[in-house]
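Q: Line by line, the protein sequences give chains S and Y.
Quick note: the first sequence uses the numbering used here, first residue 1, plus one each step.
Quick note: the second sequence uses the numbering used here, first residue 1, plus one each step.
FYI, nobody ran anything at the bench for these hints, they're computed from the structure.
Cβ coordinates follow ideal geometry from the N, Cα and C atoms, glycine included.
Hints should not be assumed to be uniformly reliable.
[To be verified] Covered stretches of chain S, as calculated for chain Y (at least 3 residues, CB under 8 Å): (1) 30 to 36; (2) 115 to 125; (3) 140 to 151; (4) 227 to 235.
Residue-level listing of the chains:
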Amino acid sequence: MSQSEKYRANPPAPGMAYMSAELKKTIDLSESTVTDDFDERSWDMVVSLGLSRQLTTGKTLIELAEAGHDDIVVCTADLGRPTQVIGFGQAYPDRYFNFGIAERNMIGAAAGLATMGLTPVISNYSFFLALMGVENIRNDICYTNLPVKMVGTHSGIAMGFYGTSHHCCEDIGALRAIPNLTLMAPCDGHALSSALRTNIKHPAPIYFRAGRGREAVVYDREFDFRIGGSNTLREGRHATVLAIGNLVKAGLDAHDILKAEGIEITVVDMYSIRPLDLEAVRAAAKRGPIISAEEANVTGGFGAAIAEVIAEEGLGTRLTKVGMPDAYAVLGPPTHLYRHYGLDGEGVAAAVRKALKA
Amino acid sequence: MPSRAVRNVDRSLIRDKARLIRRETVRLTDICGSGHYGSSFSMAEIVALLYYQLLHVKAEDPRWADRDRFTMGKGHAAIGLFPVLADLGFFPSEWLDTYSRMGSFLGDHPEMKKVPGIDFSSGSIGHNLSVSVGMALGARLKGSPARAVCLMGDGEMNEGQVWEAAQAGAHYGLDNLIGIVDINGAGSDGDPQQTLRSEPLKEKWEAFGWNTIVLKDGHDIDLTFDALNRALNAPDGRPACVLAYTVAGKGVSFMEGTWQWHLGFLGPKDIERAYAEIEAGEIG
């Protein structure tokens, strides 16, 4: 049965449908073609993008520009709307460069802009930025150590049934092997804003690994998004979940699930993937088993980085890696995929239980 | 975008500097035992005209904000640029003697973080026209008279990214952006036109919206000056592309027109022949 047939046969209660009039009221619909004549469950791109509320790049950059950062220029490759920097382009058209679907050229041009004393921020889907552009990122931005900031959105399997071409699980493994590059993962809108605000003047390249903008909110305010930093969000004595991105919220959910069972865990948002907060890893190792959690390939990814620290420092604790297996994801809606791969609260809780039994 | 003054330079000086490029290419290659003779010789007149007559740079202030930018898509010919930068005073000429040695700043491809006067690192073919697009956009945004000049190879025309950059340059109307294609007919596997045809280049660059100037002989100093000067100093709202037809290995008879000397090494007997021909040559 198709979605529209399902709606027709069994109308969902108000508020239960994915799209509702209430939800639409919360979005700027000035550019939408969907009027009141439409079924309330219909939506166009404007409505959909309006719900990607955690993609705060454009909003934050406008605030920074208003505060006097007239060196910020924004680059995208036909993804200004989906990655939510279009607003910056509308506010500062002469400092917004849409390079069309030509990502490698965009990366090179951003490097060129940086040599002219400007502060380029690239905003693009992560798979076309980090995976297609990895050689350009390496040669044009990192080898040259230029202060280009990159925001790769929709990382991991956030694109669900769009399929493997639109998934990005290999970016951490690829990027953390590139010298001069700092790699960080803001897990929600406040984190993304913090990431940009704290680091916009950092004199070297940074890649921010962001989601699709529908992430559950973890932070109710901005914070100091330090290179090499982390945030301990819950404290418990039995085990530690070191998480990034969507898995931070999953870690918090796991904390609540396990608490009811008498298991107390520490949950740390390890937003700085490279360099890692080594103290946080050492403290976790003292506590007991470590569970790394990421929406990325566990081979070469964040968990692998944690494993390196444990092994090299002889920390002598067991590591359980939660993440994408070393395989291409099956196809499905993101929410189902997260459940399937154990990238939710239940999945992390199960990994903690297993680690404690081992 | 404004044009910039052209220095009054005698043709014999350009000839001398092109000779310097060829001579030093031979000498530096002799230090490491392998070098891109063909690619360096084919661009000698172009580079000499750019640096001694057309480009605005300051050796005493290599990071001068308003300097013209020069990038090399064909970074493997940097061996021909280093002697010019040393001659202009960007770095001590003794650096040249360290070419390719452990820890040297000078290697087969240029490094911007190490070598004063190098505006961008390269080596991966096809990147630098994009970088130059960014430089030209940045210069315009900053109201700088700087122009971004990118020297590419003919094999480089096979790189898709070049055509991405070509679209961007035209789309943004960057008439402070100049591409030069050194069409010397030599690549690692032979003539690029045989390896993967990129011609007709004039029609392609024109179709991409660039002011396309065909330079029939990139070793004729007058013709080359005229083409480069038109590209740099006659802005018309479009980026300019000079298609410079050159001869690989120009200046040493047994290298001329061959792909075999794209990369090579000259033993003691042959190096003397090469030096002698370079000194005796009256190219352009």
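Q: Now, for every hint given, state plainly whether the structure supports it.
A: Status of the hints after comparison with the structure:
no.	hint	in the structure
1	30 to 36	violated (count 0)
2	115 to 125	holds (count 5)
3	140 to 151	holds (count 4)
4	227 to 235	violated (count 0)
Comparing the model with each earlier hint shows violations of hints 1 and 4; every other hint is respected.
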